[in-house]
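Just need the whole structure built from these sequences, with the hints factored in.
Number of protein chains: 2
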Amino acid sequence: MRLGVAGLGTVAQGLFKLLRENANRIARQIGEPISVSRVASRTPKPEIDILGAEFSTSLESLISPDVDIVVELIGGVDAANKLIADALQSGKPVVTANKAVLARFGNSHIACANKHNVPLGFEASVAGGIPIVATIKDGLAGNHIDSIYGVLNGTCNFILTEMDRHGSAFDAALHQAQQLGYAESDPSFDIDGVDAAQKLAILGSIAFDQPIDMDDVYIEGITKVDAEDLKYARELGYRVKHLALARIFNSSVEMRVHPALVSEHNLLAFVDGVENAISIAGNGVGSLLLKGPGAGARPTASAVLSDIIEIARGKSSLPATTGIARIASSMEELECAYYLYIPVFDEPGVMATLADVFGKHRISMEAVIQKSDAIRYSEDTRWVPVVVLTDRTSESVMNATEQDLQNLDYVQGQIRRIRVVELN
Amino acid sequence: MRLGVAGLGTVAQGLFKLLRENANRIARQIGEPISVSRVASRTPKPEIDILGAEFSTSLESLISPDVDIVVELIGGVDAANKLIADALQSGKPVVTANKAVLARFGNSHIACANKHNVPLGFEASVAGGIPIVATIKDGLAGNHIDSIYGVLNGTCNFILTEMDRHGSAFDAALHQAQQLGYAESDPSFDIDGVDAAQKLAILGSIAFDQPIDMDDVYIEGITKVDAEDLKYARELGYRVKHLALARIFNSSVEMRVHPALVSEHNLLAFVDGVENAISIAGNGVGSLLLKGPGAGARPTASAVLSDIIEIARGKSSLPATTGIARIASSMEELECAYYLYIPVFDEPGVMATLADVFGKHRISMEAVIQKSDAIRYSEDTRWVPVVVLTDRTSESVMNATEQDLQNLDYVQGQIRRIRVVELN
Numbered sequence: 019m020r021l022g023v024a025g026l027g028t029v030a031q032g033l034f035k036l037l038r039e040n041a042n043r044i045a046r047q048i049g050e051p052i053s054v055s056r057v058a059s060r061t062p063k064p065e066i067d068i069l070g071a072e073f074s075t076s077l078e079s080l081i082s083p084d085v086d087i088v089v090e091l092i093g094g095v096d097a098a099n100k101l102i103a104d105a106l107q108s109g110k111p112v113v114t115a116n117k118a119v120l121a122r123f124g125n126s127h128i129a130c131a132n133k134h135n136v137p138l139g140f141e142a143s144v145a146g147g148i149p150i151v152a153t154i155k156d157g158l159a160g161n162h163i164d165s166i167y168g169v170l171n172g173t174c175n176f177i178l179t180e181m182d183r184h185g186s187a188f189d190a191a192l193h194q195a196q197q198l199g200y201a202e203s204d205p206s207f208d209i210d211g212v213d214a215a216q217k218l219a220i221l222g223s224i225a226f227d228q229p230i231d232m233d234d235v236y237i238e239g240i241t242k243v244d245a246e247d248l249k250y251a252r253e254l255g256y257r258v259k260h261l262a263l264a265r266i267f268n269s270s271v272e273m274r275v276h277p278a279l280v281s282e283h284n285l286l287a288f289v290d291g292v293e294n295a296i297s298i299a300g301n302g303v304g305s306l307l308l309k310g311p312g313a314g315a316r317p318t319a320s321a322v323l324s325d326i327i328e329i330a331r332g333k334s335s336l337p338a339t340t341g342i343a344r345i346a347s348s349m350e351e352l353e354c355a356y357y358l359y360i361p362v363f364d365e366p367g368v369m370a371t372l373a374d375v376f377g378k379h380r381i382s383m384e385a386v387i388q389k390s391d392a393i394r395y396s397e398d399t400r401w402v403p404v405v406v407l408t409d410r411t412s413e414s415v416m417n418a419t420e421q422d423l424q425n426l427d428y429v430q431g432q433i434r435r436i437r438v439v440e441l442n
Numbered sequence: 019m020r021l022g023v024a025g026l027g028t029v030a031q032g033l034f035k036l037l038r039e040n041a042n043r044i045a046r047q048i049g050e051p052i053s054v055s056r057v058a059s060r061t062p063k064p065e066i067d068i069l070g071a072e073f074s075t076s077l078e079s080l081i082s083p084d085v086d087i088v089v090e091l092i093g094g095v096d097a098a099n100k101l102i103a104d105a106l107q108s109g110k111p112v113v114t115a116n117k118a119v120l121a122r123f124g125n126s127h128i129a130c131a132n133k134h135n136v137p138l139g140f141e142a143s144v145a146g147g148i149p150i151v152a153t154i155k156d157g158l159a160g161n162h163i164d165s166i167y168g169v170l171n172g173t174c175n176f177i178l179t180e181m182d183r184h185g186s187a188f189d190a191a192l193h194q195a196q197q198l199g200y201a202e203s204d205p206s207f208d209i210d211g212v213d214a215a216q217k218l219a220i221l222g223s224i225a226f227d228q229p230i231d232m233d234d235v236y237i238e239g240i241t242k243v244d245a246e247d248l249k250y251a252r253e254l255g256y257r258v259k260h261l262a263l264a265r266i267f268n269s270s271v272e273m274r275v276h277p278a279l280v281s282e283h284n285l286l287a288f289v290d291g292v293e294n295a296i297s298i299a300g301n302g303v304g305s306l307l308l309k310g311p312g313a314g315a316r317p318t319a320s321a322v323l324s325d326i327i328e329i330a331r332g333k334s335s336l337p338a339t340t341g342i343a344r345i346a347s348s349m350e351e352l353e354c355a356y357y358l359y360i361p362v363f364d365e366p367g368v369m370a371t372l373a374d375v376f377g378k379h380r381i382s383m384e385a386v387i388q389k390s391d392a393i394r395y396s397e398d399t400r401w402v403p404v405v406v407l408t409d410r411t412s413e414s415v416m417n418a419t420e421q422d423l424q425n426l427d428y429v430q431g432q433i434r435r436i437r438v439v440e441l442n
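Residue numbers (my numbering), protein chains in the order written: chain A, 19 to 442; chain B, 19 to 442.
Worth flagging that the hints you see were computed from the coordinates, not collected in a lab. It cannot be assumed that every hint is accurate.
Identical copies carry no separate label here, and so any pair may be met within one copy or between two of them.
Under the rule of at most 25 Å between Cα atoms (straight-line distance), these lysine-lysine pairs were calculated in the PhoX-like manner [unchecked claim]:
| # | residue 1 | residue 2 |
| --- | --- | --- |
| 1 | K389 | K249 |
| 2 | K249 | K35 |
| 3 | K63 | K100 |
| 4 | K333 | K63 |
| 5 | K378 | K35 |
| 6 | K389 | K242 |
| 7 | K63 | K35 |
| 8 | K110 | K100 |
| 9 | K100 | K133 |
| 10 | K100 | K378 |
Shown next as structure tokens:
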């Protein structure tokens, strides 16, 4: 089994290392050794051991008779997209770790792979070393999947964990993530939630047998979360996680990525640092949780290798994305509980006025925290945060409620709102 | 794809339900529907909907031209063992949930399946709905597995959770487990650790490419654990779990099942009730955790169904158990930290004497708890528990140390000892 590998980055290097270190076990698993016959990359890096492969700066060189599987690890969109399309059209099996290409062009690649009856593996595109694609496609193949939710972006989780543990401000935690190599110099792709949304669109597709559709994913990043919110969430028995969630709700599909309060009764609340974790609920299995490294050279290479071995064994199955047409549910219809952080002037009558607004919108207040030692001073005014945990209500009602609260003369600054996710 | 199902118990009923409820999704996944052509069971149960299958009280009836896969769900050993052997020898693929048969006769069944090139699926034999067999065989196929450890017996975990949460005595917690249907009227198979050991022997085999060997598993149950131990463990930052652990250590394989202190820094410490969880460490993925229902009709049927679908897709791979000869490591060589509960008479000089014994054996005391409010009276003597958490030492040194401690005149009763498991 001969590989043609595109890329010389960290994941490709991890793959070369695993192929070398685990050569015997891999050969035993599939009955023959795996070799690398060709490697292609724009920039040669002679210092990297490419296991005796022939090197070229041309990606086209990989579509060659001495390559049995094309492994796309260059990242980016355009060149990778073209390589995947060319390989599939030439009847070459493809393994890719490229979530951006899949989120945008995955449907046509899957259609092409199905048309030519050629395997397309993308385990490594979601949640690094966690075999989540195989778990949904194969391990839970006999289930109707009801929901998938989890922590899919290690950068966000690292930042929130730092803020939670040390009370760091968002900017300081982001800076630390950048220094440790967990965040890019332009971190927006991660912290704005786009990375998690791409992964969720891929998972939603295989779980619900529907086309990949990024436009159906509601996206909110973590930039507005304050260290104070994490502290109050803890007091209420929750942790704040950047959550990705896809589920079938009233026959429509709901996919959303946003900060969320997760109950301490859910193990997901304790998944910290750069780790990823995903919970899947199905009508057979009930609820399953997978936790592991969401990124990194070796974990991602482990996922790439599982696809390669599956193809080598002649076992690969394409996802049954038969394009079931489902309506994406509107966020307005969403129902959940909410955390609200309301900065108010420290005056008599404030609480009664806040309670009136909630009552007007028929929202119950599940818990309220207002502390005498939390009083602040700014611009000659005394103010204090009032934190409210509401009962379940709809997003549209909450929008109207927040607007009314924000308009009160008593309210001193911007209200912050975080959804509460109550899943088993 | 036509099934011949042996058994009418809870798992078989769960399978019939999932086949009915999820028929469309299953057919979409494999490109054709799954039907049940034959069902066999010693005792007819006409009230059960067997999806139009032909019923017989003879298991042999399943080895028939109109059966494509034999699904063994009768439990027990002899009849199940014969059915599996007969089916494989007739070239019929087999799916089984029977860990007892696999632990005792799995090697010959795997050899027979390999010889006849017939798939043998046993995902459901370990950890119910958790797709742990597929995760090791396929998801981590490119890894050298370093260790597997986890909570594999829901009955033990339920009992320990009850004792921990409510301070219940072992007998009371066991009684409750029996009333809820989580423990058999003769609970010894679960609480003595045999069930977990069978599962561990199966997992060790596929993780380390070695034959299944129950004799290599050291087994200790949970009957000697006291609610007080759980309380002290908590104070020390641990939980007590009934742990199953297999790892390669100094080129030999170590497999053991026993109660263990698990650090609160490990999510496994928070896996409660009847749930199972397994952590796997591999040289590619790093560390992966899977948590889910370890038993129950529908979760187990979900695992059975995943094997059936894999076979129907023509994807099934047999484990590469090429019978690598490894020496089982002796428990004497084991090194770990220990928790000791030492009941001593409340007299001056006791602590110094205990410390002397530890010093003589060159064991450091990591933590000591002795509480003035823990003083007890029995048979006119005042005694008090001293709890010691030691540093790492070998099992043989600890055996000698415990013997010396037990022989002290100061020691009032039986010392209890629990191993501490420190894994990532």
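Going through the hints against the structure:
Taking identical chains as interchangeable, the C-alpha atoms of K389 and K249 lie at most 25 Å apart only when both belong to the same chain, with a minimum of 13 Å there against 33 Å between chains. Taking the closest pair of Cα atoms, K249 and K35 never come within 25 Å of each other, the shortest separation being 42 Å inside a single copy and 46 Å across copies. Taking the closest pair of Cα atoms, K63 and K100 come within 25 Å of each other only inside a single copy of the chain (23 Å); across copies the shortest separation is 59 Å, beyond that limit. In the homo-oligomer, the alpha carbons of K333 and K63 never lie at most 25 Å apart, since the shortest distance is 34 Å inside one protomer and 38 Å across protomers.
In this homomeric assembly, K378 and K35 never come within 25 Å of each other (Cα to Cα): the closest approach is 63 Å inside a single copy and 47 Å across copies. For a Cα distance limit of 25 Å, the shortest separation of K389 from K242 inside one copy, 22 Å, qualifies, whereas the shortest one across copies, 48 Å, does not. Proximity of K63 to K35 under the C-alpha cut-off of 25 Å is restricted to the intra-copy arrangement: shortest distance 15 Å within a copy versus 56 Å between copies. With identical chains, the CA atoms of K110 and K100 are at most 25 Å apart within one copy only, with a shortest distance of 13 Å there and 44 Å across copies.
Proximity of K100 to K133 under the C-alpha cut-off of 25 Å is restricted to the intra-copy arrangement: shortest distance 17 Å within a copy versus 44 Å between copies. Taking the shortest Cα distances, K100 and K378 never come within 25 Å of each other, neither inside one copy (56 Å) nor across copies (71 Å).
Hint compliance for this structure: hints 2, 4, 5, 10 are not met, and every other hint is.
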